[in-house]
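S.K.: Each residue of the sequence shown is one higher than the one before, counting from 9 in the numbering used here.
Hints are supplied without guarantee of correctness; some may be wrong.
For each label pair, taking beta carbons as the anchor points, the in silico distance ranges come out as [to be verified]:
id, residue 1, residue 2, range
1, 102, 469, 50 to 60 Å
2, 434, 164, 40 to 50 Å
3, 142, 421, 51 to 61 Å
4, 291, 316, 30 to 40 Å
5, 280, 316, 27 to 37 Å
6, 205, 164, 21 to 31 Å
7, 289, 229, 34 to 44 Å
8, 177, 243, 15 to 25 Å
9, 370, 461, 36 to 46 Å
10, 205, 170, 42 to 52 Å
11, 432, 95, 56 to 66 Å
12, 236, 335, 20 to 30 Å
13, 170, 134, 43 to 53 Å
14, 469, 403, 41 to 51 Å
Hints in this document: simulated from the structure, not taken from any laboratory. Glycine is no exception: its CB is placed at the ideal position from the N, C-alpha and C atoms.
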Amino acid sequence: MAPWRSLARGREYCSTWPNSSRSNNRPWLPHSSNSRPQPDNPRPFRNPPFRLTVMRRCPVAKIKQNLIGAAAPQRDNRFSPTPIIMVGVGVLALFFGGFALWAFLAPLHAAVHAQGEVVFQSKRQAVQHLEGGIVKQILVKDGDQVKAGQPLIILEDEQVKPIVDMLQGQATAEAATMLRLEAEKNELPSVSFPKGIPGAIVQTETKLFTARREAFLKQIEVLRTQISQTQEVIKGAHEQLASKKKEIASLKEQLEANQALLKDGYVTKTMVLELERHIAEKTGEREQISANIAANMQRLAEFEQRILAIRTERIQQAANELKITAMKQLELQERVRPTLNMLERQVIRAPVAGKVVGLKIATIGGVVVPREPLMEIAPMSDHLIIEARVMVNDISDLKLGQDADIQVTAFHSSIPPLKGRVTYISDDRLTLPTAQGPMPYYLAHLEVEPTSLKVLEAGHHLMPGMQAQVSIATRPRTAFDYFIGPLRDRMGKAFHAK
């Protein structure tokens, strides 16, 4: 029984008792339960006013004094629950204290959970055709193993090949023209063509080269002939000039002799004058011959200038035509390249090595729709990874290089989770269409550790398309963080003014 209930009983511990004239002011001391005095007209002690009256008339110090004095001679054998209460309080204190220490100090491993799928690192490669066409041959079937670049389907080329042949013929002709013009520009005596050029084109360009060269040579030959003739004229003029000079010298000597004889009277004045007239005539003829020589020399220079002009004109004409032809050939090459690619695409080849999956063409002569998937190539030797969809709210806890546990749902629950590592996180969120509407997520790639694959039981191996539960380990947190975090977030939002 609690001490306050003993106090409520008043008569055992208080020296005075209210409304008891029979006590004669003697102290009430504890007695045995059989001989304990009873007050007159006992009142129920559950009445609070009475208890307050007892406490007011019987101070605690006096009660304690009576207890000490009364307990000495006799011992109260009643049961006291105080030690049990203290033990309970201690146990509770230890429990809550230990829990508080654990909540503040013990780290709890957190993780980001996501749905994943086993895929090839390069994924399945869809086989398509850009332009479409008519199926000529189907070389594979579902499940066939193919190599990279191996032909899969051949399309008809009746529409593409004539265009390619025409453009290639034009490009070849322009190339032969360029070779001919190069020979003309360099003034070569002949032009040589490679073996790849058709004979008709070679014959045409050779004839044209020969005709133009012969015309050029004829012009040069005419000028050379005129030069030779002029040189002969100049040569004859020089001989005439020398003869005239000799005649003039002889006449001058005769004139000098006659002038001496004229003084002695042996010749007449008329003879002397006749000699002077002859000298003057011969001198005029000599000057005329010199002028003719100068004129012929001028003609020689003009002939040489015309030869140089004809040669320069031929070279310049060849260079201009070569430039135009080069531009035409470049234009043709730009047209030939896409048509050649189109012709090569008539043979549909495997983009990578792997297995043919989902072949949709089965009819010879069927129509291939442009850009429609014809089949898929599943890479067999490619590396398998886990492609996980992480919720938008968890992306802040995700980092490259984090460890992860991967539980493949197709495996038995007794098989331990595979160990993996985050190798890629998408830069922006993606959207997955669902029945409830578009679901945003971030894409993450996880690489399975090779040591983890080795511990798989016999008969278990990863295959593309398997579903997986991914748990990506994040930074450790305490229980206190989990308890206080939401409250802290709420308070942080609550104290922001609108």
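S.K.: Indicate, hint by hint, whether the structure satisfies it.
M.R.: Evaluation of the provided hints:
Look at residue 102 against residue 469: about 52 Å separates their beta carbons, and that is inside 50 to 60 Å. The supplied range of 40 to 50 Å is met by residue 434 and residue 164, whose beta-carbon atoms lie about 42 Å from each other. A beta carbon spacing of about 54 Å between residue 142 and residue 421 agrees with the range 51 to 61 Å that was offered as a hint. The given range of 30 to 40 Å is respected by residue 291 and residue 316, whose C-beta atoms sit roughly 38 Å from each other.
For residue 280 and residue 316, the hinted distance range of 27 to 37 Å is not satisfied, since their beta carbons lie about 55 Å from each other. A hinted range of 21 to 31 Å for the beta carbons of residue 205 and residue 164 is consistent with their spacing of about 29 Å. Checked against the hint of 34 to 44 Å, the C-beta distance between residue 289 and residue 229 comes to roughly 42 Å, which is consistent with it. The hinted range of 15 to 25 Å is not satisfied by residue 177 and residue 243, whose Cβ atoms lie roughly 58 Å apart.
The hinted range of 36 to 46 Å is satisfied by residue 370 and residue 461, whose Cβ atoms lie roughly 38 Å apart. Checked against the given bound of 42 to 52 Å, the beta carbons of residue 205 and residue 170, roughly 20 Å apart, lie outside it. The supplied range of 56 to 66 Å is met by residue 432 and residue 95, whose beta-carbon atoms lie about 59 Å from each other. Between residue 236 and residue 335 the C-beta distance comes to about 43 Å, which lies outside the given range of 20 to 30 Å.
A hinted range of 43 to 53 Å is violated for the C-beta pair residue 170 and residue 134, which are about 31 Å apart. At roughly 31 Å, the beta-carbon separation of residue 469 and residue 403 lies outside the given 41 to 51 Å, and the hint is violated.
Hints 5, 8, 10, 12, 13 and 14 from the earlier list are contradicted by this structure; the remaining hints agree with it.
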